[in-house]
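The letter at position 87 of the sequence shown is residue 87 when you use our numbering, and the numbering goes up by one with no holes.
These are calculated hints, taken from the structure and not from any lab test. Hints may contain errors.
[Stated by the list, open to error] Here are the simulated lysine-lysine pairs, DSS-like style, with alpha carbons at most 30 Å apart:
hint : residue 1 : residue 2
1    : K215      : K157
2    : K347      : K48
3    : K476      : K540
4    : K532      : K476
5    : K55       : K347
[As the list claims (entries may be wrong)] Simulated restraints, written as ranges between beta carbons of each label pair:
hint : residue 1 : residue 2 : range
6    : K532      : P387      : 44 to 52 Å
7    : P272      : S212      : 43 to 51 Å
8    : T293      : L355      : 31 to 39 Å
9    : A135      : V503      : 25 to 33 Å
10   : R145      : A220      : 43 to 51 Å
11   : R242      : L351      : 25 to 33 Å
12   : S66       : A337      : 30 to 38 Å
All values reported here derive from a predicted model rather than from experimental measurement. All C-beta atoms in this analysis are idealised placements derived from N, C-alpha and C, irrespective of residue type, glycine included.
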Amino acid sequence: MGNLHPDRPTHPAPLLLKTSPLTLTVAGAATLAIALLLPVRFHALEEKVLLAAGKGTPSLPEMAASLLNSEHLGAGLRIALLAQSMDIPGGSGTTASAQAILSSRRDLAWLGTRDPRLEQVLATSGLAFEKNVTAPPAILTLLLREPVRIRLRQTLKANPSPGVQSLLNTLDLRPLPPLLPANQPGGQPLEAVTLLAAHLLDTAAFSPALASELKTSAYAANEERSLRPLQPALLCLLSLARRFDYDSLRELVAGVESLATLDWLAGQVRSPAEPGDLLLAATLWAGPADRFTRLPESAKNPWAVLSSSLAAGRGSLELLIQRRCPVFSNPVSVPPALLPWLLLWEKPLLLLRALLFLLASWFLVKALWSILHATSPQTPGPWRPAPVFAQAILLALLLGTLPEPSVTQPKPLPNYRLSLALPGSPVKIEGSPRFSMEPTNLIALILFLATQIAVYRICVRRIRQIETGPGDPALKLRLLENDDNLFDSGLYVGIGGTAIALVLQVLGVIQPSLLAAYSSNLFGITCVAVIKIFHVRACKQRLLLPPAKT
């Protein structure tokens, strides 16, 4: 038949305005699902990508073999045993080689490496005539023997180094609890660790930065006639000396750049997880150890990611330290052949993920306002393109933040330290207040605030519709009274948000925080107060007192 009116122009109706809320919701949900399934995160690294970065790079058995070839039996044996415990290919063979070297090289059996000065001290103390050992012992067990301490102290007294002599002079100072004076019964650990620190300083085992801080603390202790400035460093070194043999301890402290990092290492070694060998291997591969203090920790297994990276290879460890971000496991399995490409195309995929979140938020916001009110280009309100786009951006930020592992993964419990003020001590214990908030609580605050802003916009639009709509002022006043419950909806939403937040805190979804829970009530009260005082009251006043005719 053809077109009966060929001259009449046809204008297609705007597609977006005719799209049903259900279609918008389905489109938003599908777009959101695609964004969530992409194997990238804004501040996280996919586990398989991390492990794939270690392929073709040196492995733990290779590092252990290199240490053994350079006469570092102590550290080499520890790394070989670590590789064997991880079931890395070659770990058992490297461990057998280390045991063979241990049985054939008696000069490496006690210290794990060559140190002529300390070897002479041990030989003159009678240790050289004892039976063979299965592994180099912890250095503290050797220094707790009185003949060894006597010989080592005599050797160090002949050293003209000011730093060494300053450390030796601290042996006469009275320590703070829990240490006992070095010249009294029970003071053997303090004497042993002080002599060890002096010997390590004498043999340049410390890094230059750490040696400078240690000497500064020793000078300050001698000036104050108190061991207080030096005691934290000695306690840290004592914890490490109880755990590591001499060779491993030297290799570890060589990668420490500050006393703060030394304190962090000692705290980790004292923890129930005991990641000493993991930290030793990581320091030897990707030192200094200061780089590991900023690695994110997990609450359940804090060292699982570091262990997996070490098992995968040196490249995996380097990538983990460079990124310093949480590791997640994507629900969609990525083919192994595509894993190397994911790291190269990570930034374009992140851009695609952000655009998908923004598009999904646009669909969901349009669907929400289509359900609440009939949209029309002539009516004022938040469904205009600019406000809708702003709301979509806020929703996209929220949707993009929630799946991040730094938000969803539980944080480890904080470590608390108690400081006791001794009677007569001039030291004042001052606490610096610090405000901190968990990301989940911060997201809850933003979500509650965004919800109240939406309620505020709905109420303001309803007030404008009544005021500008048809009818006399009396009818409009009755309509305002009829919608009084709508204007109180901020309170209802606020109470509901508080209840939901408390339930989520009990379930462990978000961290316990009364501020995050009751902020919903506070935002609701503020929203209702602003609506009724500045909008409803002003509207009623304009209806009761119409403007005078001029």
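Now the hints, each set against the structure:
Proposed proximity of K215 and K157 is supported: the alpha carbons are some 16 Å apart, at most 30 Å. Our distance criterion of 30 Å between C-alpha atoms is met by K347 and K48, whose separation comes to about 17 Å. As the CA atoms of K476 and K540 are separated by approximately 9 Å, the hinted pair is consistent with the 30 Å bound. For the proposed pair K532 and K476, the alpha carbon gap of about 16 Å is at most 30 Å, so the pair holds.
With a CA separation close to 22 Å, the supplied pair K55 and K347 stays within the 30 Å bound. Against the hinted window of 44 to 52 Å, the Cβ-Cβ separation of K532 and P387 comes to about 23 Å, which falls outside the hint. For the pair P272 and S212, the beta carbons lie near 33 Å from each other, so the given range of 43 to 51 Å is not met. Distance hint for T293 and L355: a CB-CB separation of about 36 Å, consistent with the stated range 31 to 39 Å.
Distance hint check: the CB atoms of A135 and V503 are about 53 Å apart, inconsistent with the given range 25 to 33 Å. A C-beta distance of roughly 31 Å is found between R145 and A220, which places it outside the suggested range of 43 to 51 Å. Under the hint 25 to 33 Å, the C-beta atoms of R242 and L351, about 51 Å apart, miss the expected range. The supplied range of 30 to 38 Å is met by S66 and A337, whose beta-carbon atoms lie about 31 Å from each other.
In this structure, the hints that do not hold are numbers 6, 7, 9, 10 and 11, in rising order.
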